[in-house]
Amino acid sequence: MVRVAPPRTVSAAREWPKARMTSRSAPNARQCSSSASPAGLPARSCHRVSAWTPWRARWRSSASVWAPPSQGLASSRTTSTAFFVANHAFELAAVFVIFLSMLWNIVCPVIGGLQTIPDDVKSAALVFKVRGWRKFWYITLPALFPFIVTGSLLAWAQGWTIVIVAEVLHTYVPNGNASQDLLGLGSLLVDANAQGKNGVFLAALAAMILLVTLLNLAVWQPLLHLSQRFRFD
Amino acid sequence: MTSADTPIVLTRVSKSYVKPPVLVVHSVSLAIARGEFFCLIGPSGCGKSTIIKLIAGIEAPTSGVVRRPDRLGMVFQSYALLPWLTVRANVAFAARMSGLDRGHVEATTDLHLRMVHLEAFAARYPRELSGGQRHSVSASPGPSPSSRRCC
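Those sequence lines, one after another, are chains P and V. My numbering applies: residue 1 is where the first sequence begins, and numbers increase by one. My numbering applies: residue 1001 is where the second sequence begins, and numbers increase by one.
Careful, some of the hints might be misleading.
Across the chosen pairs, the derived CB separations fall in these ranges [unchecked claim]:
id	chain 1	residue 1	chain 2	residue 2	range
1	V	1031	P	222	50 to 58 angstroms
2	P	133	V	1023	33 to 41 angstroms
3	P	158	V	1077	39 to 47 angstroms
4	V	1033	P	108	45 to 53 angstroms
5	P	117	V	1011	27 to 35 angstroms
6	V	1060	P	111	21 to 29 angstroms
7	P	107	V	1099	28 to 36 angstroms
8	V	1019	P	114	45 to 53 angstroms
No wet-lab data here; the hints were simulated from the structure. No experiment lies behind these values; they were computed from the predicted model shown. Where a beta carbon is used, it is the ideal one built from N, C-alpha and C, also for glycine.
Chain P with its partners taken away, still in its complex shape (with noise of 0.2 angstroms):
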């Protein structure tokens, strides 16, 4: 859910190139320096300033790259992101974002899993003549069934991280706002945080907690359970 009108990103979105030249014309060091010996300003605070104006420059030039075709290799994430965010797509570009970072945890036991199938499995398929999608149906996938779970466990886990972030739009779209943010308990925790607002912050936290627990023994530990039956001893 949106909180405020998207089309705003749009043209927002569009303007950027133009956005960018304004902060590499780097308008803040000369406001610094011009500023710096009428008004007496302390030296500590014009280094701040012109400090962070390049560091902000590089963000903005690395996240800019789905605008000018010519940037080259860059991040998919912030592309693709930016893609779903162009198509008024919010709650895409942070179930995408979400994706992204759950998707290794899974694959990657998956992968340790495929090696956990013993030969005289194998050997018998053979002999069998279970091949092709039958074994994969029948073999393969039961025998990487615990670990598909664990990996779901742990993307699940990560996945309650991702979502503080992902949800809070603003943090990685270029331009962007916190109206863009989308409705979750994710960007309210972060909300609710940067605008003191602690009642709804502990809310959130304790919703959140009880969510995981409730998950956890609803749905986790009955499948834990189960997926031991299917390990190779």
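Fit chain V to the known structure of chain P by using the hints.
Here is chain V on its own, set in the frame of chain P:
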């Protein structure tokens, strides 16, 4: 052509491995008739298991000819049972995979279970059996009662 009635015939079969380079089986010839009880005896590492793998078709011979029946049962040293299937489903597995109809599979499975005296354990899982019982389960699967067995 081979069929279920063809005896097992090995003609001057050799098997060598490249890594590490070793000649395991050197020009072995033997014939096993249908219904024959055949024992292959030798010290450890002399190639008994390799010959069985050659007969089962798990390994291809480096030279020579192996003639085997289409349907062959085999007992593996580490049982090769699927831990997520019950004893009954494990026994039925080979018959099911060979595409027999359900009634035939059920009948074959019942017969196999009776042959190895494990009717009472049909609903158990392999993990719940003793080593000897597991070997019995492992010895029973085969696409049909007429299939040959290599242990």
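> Of the hints given before, which are not true for this structure?
Replying inline: 8
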